[in-house]
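Trainee: Residues per chain are reported as follows:
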Amino acid sequence: MIYILKNRILKGIVTRNIDPFLARKTEIAGRELKSLIRKNFGRSLDLREVDTGSCGACESEIISANNPFYDLQRFGVNFVASPRHADALLVTGPVAKNMFLALQKTYQAMPEPKFVITCGDCALDGGLFKDSYYVCQAVKDILPVALHIPGCPPKPAVIIQQLLAFLKQKQV
Amino acid sequence: MDGAEVISLIKKSLPDFSALLVSQDYRDEIYLKVSPQVFQATALALHKILSSPVMMLFALDERNSAGVFVINAVFVNSKEGQWIIVSMDLSQENPVFDSLAKSIHSASLFEREIWEMFGITPQGNPDLRRLNLHDEVWPKGNFPLRKDFKTMMPGDLGEYKFNRVEGGGVFEIPVGPVHAGIIGPGHFHFSVAGEPIVNLELRLGFTHRGVEKLFEGKSFFDALRLVECISGETAFAYSVAFATAAEKISGIVTLEKTAYLRGIFLELERMYNHVNDIGGIALDVGFSFPAAYAALIKEAILQLNERLTGNRYLKKVNLIGGLALDLDESKKCVLFDALKKIKNDFNELVKMLDSSVSFMDRVDTTGVLIKKTAQDLGIVGLVARASGIPTDLRKYFPGIYQEAKFKMIPAEGGDVLSRLRLRFFEFMESCRLIEEFTVKLGGSAETKVSAPAKPETSALGYVEGWRGPVLCYLKTDVHGLIARCKIVDASSHNWQGLTYAVLGNIIPDFPVCNKSFNLSYPGNDL
Numbered sequence: 001m002i003y004i005l006k007n008r009i010l011k012g013i014v015t016r017n018i019d020p021f022l023a024r025k026t027e028i029a030g031r032e033l034k035s036l037i038r039k040n041f042g043r044s045l046d047l048r049e050v051d052t053g054s055c056g057a058c059e060s061e062i063i064s065a066n067n068p069f070y071d072l073q074r075f076g077v078n079f080v081a082s083p084r085h086a087d088a089l090l091v092t093g094p095v096a097k098n099m100f101l102a103l104q105k106t107y108q109a110m111p112e113p114k115f116v117i118t119c120g121d122c123a124l125d126g127g128l129f130k131d132s133y134y135v136c137q138a139v140k141d142i143l144p145v146a147l148h149i150p151g152c153p154p155k156p157a158v159i160i161q162q163l164l165a166f167l168k169q170k171q172v
Numbered sequence: 001m002d003g004a005e006v007i008s009l010i011k012k013s014l015p016d017f018s019a020l021l022v023s024q025d026y027r028d029e030i031y032l033k034v035s036p037q038v039f040q041a042t043a044l045a046l047h048k049i050l051s052s053p054v055m056m057l058f059a060l061d062e063r064n065s066a067g068v069f070v071i072n073a074v075f076v077n078s079k080e081g082q083w084i085i086v087s088m089d090l091s092q093e094n095p096v097f098d099s100l101a102k103s104i105h106s107a108s109l110f111e112r113e114i115w116e117m118f119g120i121t122p123q124g125n126p127d128l129r130r131l132n133l134h135d136e137v138w139p140k141g142n143f144p145l146r147k148d149f150k151t152m153m154p155g156d157l158g159e160y161k162f163n164r165v166e167g168g169g170v171f172e173i174p175v176g177p178v179h180a181g182i183i184g185p186g187h188f189h190f191s192v193a194g195e196p197i198v199n200l201e202l203r204l205g206f207t208h209r210g211v212e213k214l215f216e217g218k219s220f221f222d223a224l225r226l227v228e229c230i231s232g233e234t235a236f237a238y239s240v241a242f243a244t245a246a247e248k249i250s251g252i253v254t255l256e257k258t259a260y261l262r263g264i265f266l267e268l269e270r271m272y273n274h275v276n277d278i279g280g281i282a283l284d285v286g287f288s289f290p291a292a293y294a295a296l297i298k299e300a301i302l303q304l305n306e307r308l309t310g311n312r313y314l315k316k317v318n319l320i321g322g323l324a325l326d327l328d329e330s331k332k333c334v335l336f337d338a339l340k341k342i343k344n345d346f347n348e349l350v351k352m353l354d355s356s357v358s359f360m361d362r363v364d365t366t367g368v369l370i371k372k373t374a375q376d377l378g379i380v381g382l383v384a385r386a387s388g389i390p391t392d393l394r395k396y397f398p399g400i401y402q403e404a405k406f407k408m409i410p411a412e413g414g415d416v417l418s419r420l421r422l423r424f425f426e427f428m429e430s431c432r433l434i435e436e437f438t439v440k441l442g443g444s445a446e447t448k449v450s451a452p453a454k455p456e457t458s459a460l461g462y463v464e465g466w467r468g469p470v471l472c473y474l475k476t477d478v479h480g481l482i483a484r485c486k487i488v489d490a491s492s493h494n495w496q497g498l499t500y501a502v503l504g505n506i507i508p509d510f511p512v513c514n515k516s517f518n519l520s521y522p523g524n525d526l
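From first to last, the protein sequence lines stand for chains A and B. Take the first sequence: its position 13, counting from 1, is numbered 13 in the working numbering, and each next residue is one higher. Take the second sequence: its position 239, counting from 1, is numbered 239 in the working numbering, and each next residue is one higher.
The set of hints was computed from the structure by calculation and includes no laboratory data. Watch out, some of these pointers could steer you wrong.
List time: in silico DSSO-like cross-link candidates among lysine-lysine, alpha-carbon distance up to 30 Å [what the hints assert, rightly or not]:
1) A:K11 x B:K341
2) B:K331 x A:K11
3) B:K316 x A:K155
4) A:K140 x B:K213
5) B:K343 x A:K155
6) B:K340 x A:K155
7) B:K161 x A:K105
8) A:K155 x B:K218
9) B:K140 x A:K105
10) B:K407 x B:K48
11) B:K343 x A:K11
12) B:K213 x A:K105
13) A:K155 x A:K39
14) B:K316 x A:K140
15) A:K155 x B:K341
16) A:K130 x B:K475
17) A:K155 x B:K448
18) A:K130 x B:K213
19) A:K155 x B:K331
Reference listing, derived: stretches of chain A covered by chain B, where coverage requires no fewer than 3 residues with Cβ under 8 Å from a Cβ of chain B [stated by the list, open to error]:
20) 44-55
21) 60-71
22) 91-105
23) 124-130
24) 133-146
25) 151-159
Note that beta-carbon positions come from the ideal geometry of N, C-alpha and C, so glycine has one too.
The task is simple: from the sequences and hints, build the whole structure.
Mentor: Structure representation (structure tokens):
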């Protein structure tokens with residue numbers, strides 16, 4: 001307990017304590033995002049992540065976006081455990097044949113209104129795996145995709161910025 | 001050890017043994033070609049002599065050039081740092097071989113893979129259910145790794161049958177493929193009697209993307225990009241394993257500097273993953289402050305990676321014959337400064353976890369994988385070391401690690417706590433190794449040598465990734481392009497270990513057991 005208290009005090013708030021250039025981008029992106037999500041989705045935007053054959057790097061960066069450094073959650077973006085609680089589906093990876101049904105079922109389980117975001121180059125069109133015998137068509141041919149976040153993998157700051165850019169556009 | 005010595009050793013247990021061909025193209029690879037009649041006995045003899053699990057078992061389709069299917073089994077000679085490859089030709093008319101699985105458990109999943117991918121029958125294997133090509137979506141009679149496979153032909157679909165545990169009060173709990181967290185897909189089929197788990201069956205293969213087929217016909221250069229995208233958080237180890245094999249085929253002798261640079265990045269990869277798992281273990285028992293603290297250390301290492309190489313996951317850093325970049329003096333300073341801070345933070349993290357009695361109570365004696373079971377299953381890497389098996393490719397094939405006085409201390413308990421403590425230890429050891437390697441980093445400004453790929457040559461590349469060994473077998477065709485690339489991740493050995501470690505534990509402890517293994521879905525499914 002003593003170490004937890006000590007480190008809690010010593011570390012302070014780490015979220016601000018970042019590279020200024022990166023910080024400005026993340027902070028501005030974050031604040032705007034929050035107000036936009038408020039207008040469109042009430043107080044928060046809940047995302048359900050589905051890996052349909054990703055290498056794991058995209059997952060790692062999405063988890064990083066939730067770490068105390070980027071702390072995506074402070075802007076009202078949450079990751080939820082069930083599609084029933086989700087406003088949007090975040091898909092990573094090429095769609096492997098084995099995941100086709102699971103992807104569709106997860107989408108069907110979500111309540112309206114809902115939209116789909118793809119994250120990472122593989123999710124756009126299959127990426128390096130698009131010619132494989134075991135990869136289905138792109139996510140956008142299976143589900144209505146509203147936003148794509150490019151990168152291999154996209155950095156946490158990019159994930160936040162892209163979400164913002166999208167929601168801004170959606171409002172107009 | 002050379003080929004003749006291997007044969008004389010085998011002759012001690014198999015008096016009338018004779019090989020069709022013995023060759024040693026590289027110092028660390030002995031290749032034995034045997035007839036199909038003695039393949040099983042030879043493999044079993046080597047398994048016992050070397051006390052090595054089947055590290056790889058895979059098929060090649062050489063019907064076009066030689067009219068045969070080839071099966072290779074790979075064993076490791078830990079004492080002398082060598083790989084022993086036993087090979088046989090199977091006629092294309094009747095592709096059947098005697099199963100190794102009844103005597104050597106570690107061959108079992110490989111045989112199932114050979115059956116589903118090539119349609120070669122391992123006779124006597126009691127379980128030939130498909131692994132990656134799920135019966136519900138992939139019709140029977142399609143064998144994608146055969147060279148004449150073009151597209152999927154329609155046919156009958158089947159259904160996967162799980163092992164059933166029956167009796168009063170036994171419940172089945174299916175979990176997945178989509179899990180609650182932000183994680184890869186896999187299906188866990190639990191059978192529980194009351195609280196304790198009595199059986200766990202895994203069904204993986206959900207992230208199967210047909211990687212091995214995609215390699216065919218690619219040049220080494222193009223394939224390197226694909227290798228890095230197989231398992232994202234092990235990207236660098238994969239690229240090193242692949243590059244080592246490619247360098248052997250091209251006859252490239254890499255610079256000493258390359259070994260040190262690769263060593264540094266391999267250890268950085270190990271560090272960020274180990275601290276990630278330590279945080280994950282804390283989070284899975286609801287201890288959130290150390291989990292957040294570990295996430296910060298991971299972020300610091302990822303940012304260090306980016307400053308050194310321009311990529312957080314060390315992709316596009318490694319090349320065939322060397323590296324794409326060098327560490328100059330200013331980058332070395334960045335590295336040392338960052339390591340110092342990271343080490344301090346890490347020590348605090350260890351203190352936080354060690355001083356919490358309730359946390360220790362959750363992880364101590366949870367998810368025990370005993371040494372005997374681990375040996376029988378052919379468990380490798382970190383999980384094996386935590387169960388008391390001293391296995392590490394950095395010890396077997398020392399190279400730069402010997403000079404740096406690399407220490408391997410296997411833990412004993414085989415429980416979550418042992419795997420946690422081993423990560424503590426390995427993290428600090430990695431820090432030390434990086435410092436050693438960086439100091440020794442000098443010499444020419446050149447970071448890379450190159451040569452064209454030799455046609456119709458094969459080689460085995462290997463490296464100890466953070467989970468355990470990553471092996472890559474490469475064979476080129478007449479044009480020097482890839483004819484076959486087989487990759488084996490430590491996960492494909494170790495997933496079986498998880499199903500034994502959770503027995504007798506309660507379901508709420510499953511996440512922490514799983515996290516303490518932290519095995520790869522995409523690395524296993526390919």
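Trainee: Does each hint fit the structure? Answer for all of them.
Mentor: Hint check results:
1. A:K11 x B:K341: 12 Å, holds
2. B:K331 x A:K11: OK: B:K331 and A:K11 at ~26 Å, within 30 Å.
3. B:K316 x A:K155: At roughly 16 Å apart (the allowed maximum being 30 Å), A:K155 and B:K316 satisfy the hint.
4. A:K140 x B:K213: It holds: about 25 Å lies between the C-alpha atoms, which stays within 30 Å.
5. B:K343 x A:K155: Holds, because 25 Å separates the two Cα atoms, which is no more than 30 Å.
6. B:K340 x A:K155: 25 Å, holds
7. B:K161 x A:K105: 22 Å, holds
8. A:K155 x B:K218: Within the cut-off at roughly 29 Å; holds.
9. B:K140 x A:K105: 25 Å, holds
10. B:K407 x B:K48: 27 Å, holds
11. B:K343 x A:K11: 15 Å, holds
12. B:K213 x A:K105: 29 Å, holds
13. A:K155 x A:K39: 26 Å, holds
14. B:K316 x A:K140: Within the cut-off at roughly 28 Å; holds.
15. A:K155 x B:K341: 23 Å, holds
16. A:K130 x B:K475: 23 Å, holds
17. A:K155 x B:K448: 29 Å, holds
18. A:K130 x B:K213: 12 Å, holds
19. A:K155 x B:K331: With a Cα-Cα distance of about 22 Å, the restraint between A:K155 and B:K331 holds, given a limit of 30 Å.
20. 44-55: With 7 residues closer than 8 Å to chain B, the stretch 44-55 of chain A meets the three-residue bar; holds.
21. 60-71: holds (count 8)
22. 91-105: holds (count 9)
23. 124-130: As far as the stretch 124-130 of chain A goes, the hint holds, because 3 residues have Cβ atoms under 8 Å from chain B.
24. 133-146: holds (count 3)
25. 151-159: holds (count 3)
In this structure, none of the earlier numbered hints is contradicted; all agree with it.
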